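Engineer: Now for the letters of each chain:
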Amino acid sequence: MNGRPADQPTGRRRVAKRRVRPLAVACLALVLAALGLSACTSRAQPETLTVLGPWKADPATGTGGERAAFLAMVQPFEARNNVRVRYESPPDPDAVLTARLRGGTPPDLVGLSDYGELLALSADHSLQPLEGVVDLPRLRDEYGTWLSLGQSGGHQMAIVIKVALKGLVWYSKPAFAAAGYQPPQDWTAALALAGRMSARYGAAWCLGLEAGSTSGWPGTDWLEDILLDQAGPVVYDKWARVRLPWTSPEVRRAWQTWGQLLAAPRAVAGGRLGALVTNYVSADQSLLASPARCGLDHQASFITGLVGGASSDLGFFRLPVPGGRYPAAREAGGDLFGMLRDSPLARELVRYLATPEAQEIWVRRGGAISPNRQVPLTAYSDPVSRAIATTVADTTSVSFDASDLMPPAMQAAFYNAVLAFVAGGTPLDDILKHLEDVRLYASPSS
Amino acid sequence: MTSPGRGRPGGFRDRRRAVAARCVEMPGRLSALLALLIVLSGVFAVGLYTVQSHARRVTTAVGSGPVTASLAAGKARVALADADRVVATSYLSGGAEQLSGAGPVYQDDVKVASQALAAAAAAAAATQAGPGGAEAIQAAEAQLVPYMGLVDNAHADADRYVLGVAQLAYAAELMHASEWTSSASVSDGLLALVRQLTDNDEAQVAAARSTPSAGALALPVAAGAALVVALVLGQVYLFRVSRRVINIGLAGATVVALVLLAFLGQWATQTRGDLRDGAAALRRASAVSRTREVVADAYGARARALLVSAAAAGALGAAPGDTAEQLRLAGDDVQANTDRFAALLAAAGAAGAAGSGGTTGGAGAGAGGAGGATAAERADLERARAAFARFTTLDGEVARLAATGREPEARAMTLQAGSGRLPAEFRQANDSLAAAGVAAESAAVAAMAAAADDDLGSGLPLSAGWTITLAAVLLVLLVAGGMAPRISEYR
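Order-wise, the sequence lines are chains A and B.
Counting in the working numbering, the first sequence runs from 1 upward without gaps.
Counting in the working numbering, the second sequence runs from 447 upward without gaps.
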């Protein structure tokens, strides 16, 4: 280098270094600290899974309800996998899903409230088959016949995450006991009970048909229940698969039976308009309201999840209908869960929701019956839900909700027909003729 | 301490040796100091450039993304709420037959809402929220389709009055329903979805208010401070070793570094001020559009209540008291709207009073800077408040008339334009709010543009990039010019 003398005083070098080094170190430390401060703002965010579904909050409060139950169900999954599930339940999930699919931005997963949607989404290959996702042999053991509700074209396209027993008439047990009422054994007794109820409460039935763009569906459950009891599962299945004319005697009779019930004086709380504009959840809740304005409510078993903690006050019976010959036949509906965008996390969520661990969470909150037999009866929070779960497990003849099985155009026409029928002013013949026209249009092969 | 004396053995030799050693060491030390100063100058310049270009990117993105999306979403909300009002009043005045008057307004509202949603979607796609915001708007557009379907059904069922009114109720429910995403605590259907988007956009703008952030400023400020400290210490060191009073090069570099630091502080304050002004103006614009939504809701709710009460009276099996119950519920809606109106106006006022400090806000609240509401804006808001107060009073009168069986009079008060009743008060409130909204929107856009235009070298005839480059070159030249002669001297 520069031929530094060997005898150069070392103390002076140290002094010089002492002067320069702290300065350099301090400057570098300042710069490094600034760099660190700038860099520390970025942090890894948890991954997000988007789910679109039909489970909605309580319309009165905008919170709770089935939406809260679903979110509680996925919460352990989120914690375990450091993932955020962004759940949407728009007033019209079908319209939003269609727009998202068209726009090429579908949610990762989708909850479906009817089988018709499953068929449509399977037909256009939007849904991903679940054969390689879930352990089908094990699910067959755990789900039995319920697994078939998620199948289409020979593939497992979705899993059922909760089921509901339909065609039940609900009442307040304390009110029934106080008035000395008994569940009716035949149609005449049912009409008489409705008459006494309307005298006592101002109206017999708590009927709410409002459900956004699917308004009218609660009425379809009435007709399905009556038709199933009167005509039996074989005719019912034919009708559900749009192979039975709407103008057939069996279908006409079911409508007439329901009409007879609605035509009674003060049959429905709020009158016909009241029934049309009342949300079905509000109608269900009014059964246990104080003071009560109605005494009976035709609803599926999920009502136990809609009345808060008062579900143990509920009692139920099967409506005896004129000419009913199949009282053991049961109608049920199920909510499905499918995958639109394949990813390891989406697969993991499907697998998780199929487990008894996940379904037990919703069951414990009330309002759901698990299709998974591994969920113990002790998980049901109230005796009413336990009784329904037992009925579901013991039932040998289950027919799925007919309107849920119908093609979308037929389903929409059915909902509108119910509204027109309840509103009055349109002859039944005209309603049935219109429905038959839609059937022939929607399913020309039939 | 003893100094080596001539007469003492080894003293002179020691001094000579020390001087020789220092001459040998000095070039190395001075070179190291020069390198350190040049590195710090470079880091300072790069830090300045980075923080300025990042801030410019953020302000430009916020201006073209969340601000544009929020303003478009606000337009969509107002148009949607007005469409729902027009549908109800049209039906009340006779249903499908009267569409010649109200129909085009409804069609226009839907068209405006669709276009505004499309504009919001395009802007949302460019925001940091990215496809999520665009998807949400896509969902809102999708909800509009069934809404319009239900309105069509209602008009098709106009001859079956009860069914038609029910279809209108379903449409209104779709517009105002209480459902949406898991992240929303309370929301209300189509309008709420759009409102949620506005909230998200406003949150993004609010988050950008502290741009440039303290973290981003840390590097250039630390590098600049370190450079100044190093220059001062270097000056002291040179004074000790060479006994020269001042090194002109290092002194010049110190002045340049201090000027740059001052510019940095001034620019950061100005940019933040403009962004704060923009955010305040955006909040005012948003509050005004929400208020317009509330006014339209109040009118629509009254018309729907009259429709439902008439239908209930005519429907078979209606229980006594149903009509009164419907009117009572609608009255609750109107009262709730009145409360919301007052709260929103207060919010608009608060946003108007909010800070300034930016380029556009310097004019202040009184004279009409973006930082505060203009006098004209405040006058418009006051006119709207007075009109809505009269509207609420009249609305109570309508409810009383309907409840006492004088429905034709209630209808006339609700529908007749130009008679100084509900429609006139609605129009007065709506027009005043529209004027205030336009002013607030313009202020938001102007403030955001000013934030994007703010320069580190504002006041200098050069753009920021050139200012920083020239300053960096000047720093290096001054440092090198100051140090190089000293290094050669010791060589």
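Honestly, the hints are just simulated from the structure, not real lab data.
Keep in mind that a hint or two might mislead.
[To be verified] Straight-line C-alpha distance at most 25 Å; calculated DMTMM-like pairs for lysine to aspartate or glutamate:
(1) A:Lys238 to A:Asp437
(2) B:Lys557 to B:Asp877
(3) A:Lys433 to B:Asp877
(4) B:Lys557 to B:Asp645
(5) B:Lys557 to B:Asp598
(6) A:Lys433 to B:Asp645
It should be emphasised that the depicted structure is a prediction, and the values quoted were computed from it without experimental measurement.
Engineer: All the hints need checking, so say for each whether the structure fits it.
Structural biologist: Taking the hints in turn, this is what the structure says about them:
1. A:Lys238 to A:Asp437: Within the cut-off at roughly 17 Å; holds.
2. B:Lys557 to B:Asp877: 20 Å, holds
3. A:Lys433 to B:Asp877: 50 Å, violated
4. B:Lys557 to B:Asp645: 23 Å, holds
5. B:Lys557 to B:Asp598: The hint holds at about 16 Å.
6. A:Lys433 to B:Asp645: Distance of about 49 Å is beyond 25 Å: violated.
Checked against the numbered hints given earlier, this structure breaks hints 3, 6; the rest are met.
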